[in-house]
Amino acid sequence: MIYRQAGFLTADYRTERRWVPHAVDRWALTAFLAFAALAVPVIGNDYLFGAILLPFLALSLAAIGLNILTGYAGQLSLGTTAFMAVGAYAAYNLNLRIPGLPLLASIVLAGIIAALFGILFGLPSLRLKGFYLAVSTLAAQFFVEWALNKIGWFSNNNSSGVITAPPMAILGIAVDSPARKYLLSLGIVAVLTLVAIRLTRSQTGRNWIAIRDREVAAASLGVPVFRVKLVAFAISSFYCGIAGVLWAFTYLGTVEPDGFNLSRSFEVLFIIILGGLGSIRGCFLGAAVMVVFPLLLSRFANAFFATALDPGIQEDIENILFGSLIVLFLVKQPLGLVRLWDQFKRRLETWPLSE
Amino acid sequence: MKPHIVKSLAVAWLLAATMLTGAGAARADEQYFPLQSYRVGPYAADGSGFFGGFIDYMNLINIRDGGVNGVKLTWNECETEYEVERGVECYERQKTQGKPGPAAWNPLSVGIAYAMIDKITQDKVPLITIDHGRTDSTDGAVFTYVYPLVLNPYSETSAIINYIASRAGGFDKLKGTKLVVVYHGSPYGRETIPIYNLLARRFGFSVTQIEVPHPGNEQEAQWLEVRRIKPAWVVLRGWGVMTPVAIKTAKKTGFPVDHIIGNIWSNSEEDVTPAGTAGKGYLAITTHPAGTDFPVLQAVIKTVYGAGKGNVADQKRIGSVIYNLGIVNGILNVEAVRIAQEKYGHKALTGEQVNWGFDHLVLDDKRIAALGAAGLVEPIHVSCSDHEGGGSIKIQQWDGSKWVIKTDWIAADRKALWPIIEKSANEYAKENHITPRDCSKASS
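Protein chains in written order, with numbering that gives the first Met the number 0: chain A, 0 to 354; chain B, 0 to 443.
Incorrect hints may appear among the rest.
To be verified - Calculated cross-link-like contacts (lysine to aspartate or glutamate; reagent style EDC-like; alpha-carbon spacing at most 20 Å):
#, chain 1, residue 1, chain 2, residue 2
1, B, K118, A, D45
2, B, K123, B, D385
3, B, K422, B, D385
4, B, K315, A, D309
5, B, K401, B, D292
6, A, K149, B, E224
7, B, K118, A, D175
Simulated from the structure, these hints should not be mistaken for laboratory data.
No experiment lies behind these values; they were computed from the predicted model shown.
Based on the provided sequences and hints, a complete structural model is requested.
Given below as structure tokens:
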């Protein structure tokens, strides 16, 4: 009743291909973005920005990157954080070595460098499929970590290999407080998300899906398989690269090569599996669960068991609980959170008229 | 979706919202110490020992003295598992707690410390990295709020080389000597790579530095490489589970353990006991001896554990090197508060006021003896420009059941290190648009 999709008819392709087809959805999205951009910076505190929203936004963007490659184009990758690392270190070096380069330009350039790197490591995808491809993307993961550790130039010869984010400013406005960093992240993520939605519905996106669903059939229909795969790698790496910049610059403010290790690649993979493969919304839902849920568990345990349990044992129990809840959820809902969301929407359509 | 699911989702949401915004409690006239501890993961033995000692000492001050001049100490723990991301979350969670805010941060992790430097500088709250940390933060003119107290990584390196030279019979004898550094693959482990290379060039010895990836459960390849090089000495810059595995693997591959020198984080009972008999003869440096003979440790055992408030579950660990470092860290933090109180009054202080205390943290032999820590704590002299304040080590050897101190204090060549530290600090200042404060004008 409240939310209805009935009466939505399209008369031409332009309307059908709109970014957000339904008027209600459009309103809801606009209202949500306005809330996130105008209200949240006022009502939020440093904890909300620094510990929840900034990692959430960076991980969501990385998940979109991986989802483009894995969820849409069907190419399994375990090198997500390698591309994040390339982006972060590239942005650091661009800011350090090219004085006067605007921040946003350096972020875009860092994304492009990550994209080139992605194309390089996407080359094996012509011959390798499935798990074999995943193994070859592991090479990217190990190579990047090794190179960043061994070649001091990348970290400006910092003895620990740690890079520190430079002071940031856009058009003379310093991006120094957590709220401003949040706004910067939000802006970048919002724009890139809309581009991603658009992309997945364009011919490129359809080509990706065609290759994912059946490569031979796609090739026989005239989809240039190799080029489409490389484009997927490039765009995916571009997104991951920028996610890496956000991770290093807005969230942590500093990063070491080991901060971009294999377990974070897996974390991003879990996000898209949990959220829903081949869905942009799923990336946000998955990232939200991955970021917020462990914090809630730890808060809950601290509030109720702080004095009763040894802190070490309490932490172990939290980890076990988090793992089992994810397993339980995926058993109950293998299609991910986005499926749950769709069911919820369908229910809203009939509520409260029928059960 | 059924209605009861919607309802339970709404309840969960409310619960979540209240829990994420809820703040911790600390009453007035309590000095709050946020503890970003770790009791889980590959470094749990170190974390629980260090924070156990720290907490026990704060308990001692509360129970025996009723606090620092009547100001009770309070703290809570936030688990980091030694991960930077979790450390940052803990920082954001804890920084708004306590009144008037945190006194000082002690994350015991180089990675987390690096991530916090910007933030604590804005908050004006001191960050203590005892015996570790970012070396150039020794320059207090640039790093106003960061303290690599007692021994920074470069001093550690220099003192170890000085010891090796004394064993060889002088610095001229170092020429042609082969040295291998086996280090932990983390910011902490890599911190000393350039200084070893520099000292190798200066004294004419050759150095090979081999990384052990975190956490270091498997080191066969690294020690076979050591055997191939046949060095005179191996310096082990281990951490957590890496150290006992290194000692065992060294033994297995036939490298004599009495020619391995463990650094300041490979020097505790927790590091050698798991290696069993392989650890007998193993050398390590320390800034503070093991043992429970010191009056302050006796007081902890009697007062804190007597009252059933001890933090370490296995009481055999009291007096281990890492536990005693927790005690030393407790002493330095508490004394900094005490010194600051003399200037700002006997009340709960802000982080910036406590920072003044650290900036003027001077403990001579007399004061250390009065604290019951003679022989446990080296005299320390922190100043505006020198945030290390110490820089000496002793060499100890594991005899199979306990540590035996082998040497007197061996000082680092701090004069030679200073230009390198200053240069690096000034580069940091330039990169981050910091104007170093003028230490000649600092208030005394």
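Hint check results:
With a C-alpha separation of about 11 Å, the suggested pairing of B/K118 with A/D45 holds against the 20 Å cut-off. Distance restraint check for B/K123 and B/D385: the Cα-Cα separation of roughly 18 Å lies within the 20 Å cut-off, and the hinted pair is therefore satisfied. Taking the CA atoms of B/K422 and B/D385, the gap is about 14 Å. The hint holds against a cut of 20 Å. For the given pair, B/K315 sits about 18 Å from A/D309 by alpha-carbon distance, which is consistent with the 20 Å threshold.
Distance restraint check for B/K401 and B/D292: the Cα-Cα separation of roughly 14 Å lies within the 20 Å cut-off, and the hinted pair is therefore satisfied. Taking the CA atoms of A/K149 and B/E224, the gap is about 18 Å. The hint holds against a cut of 20 Å. Between B/K118 and A/D175 the alpha-carbon distance is near 10 Å, which keeps this suggested pair within the 20 Å criterion.
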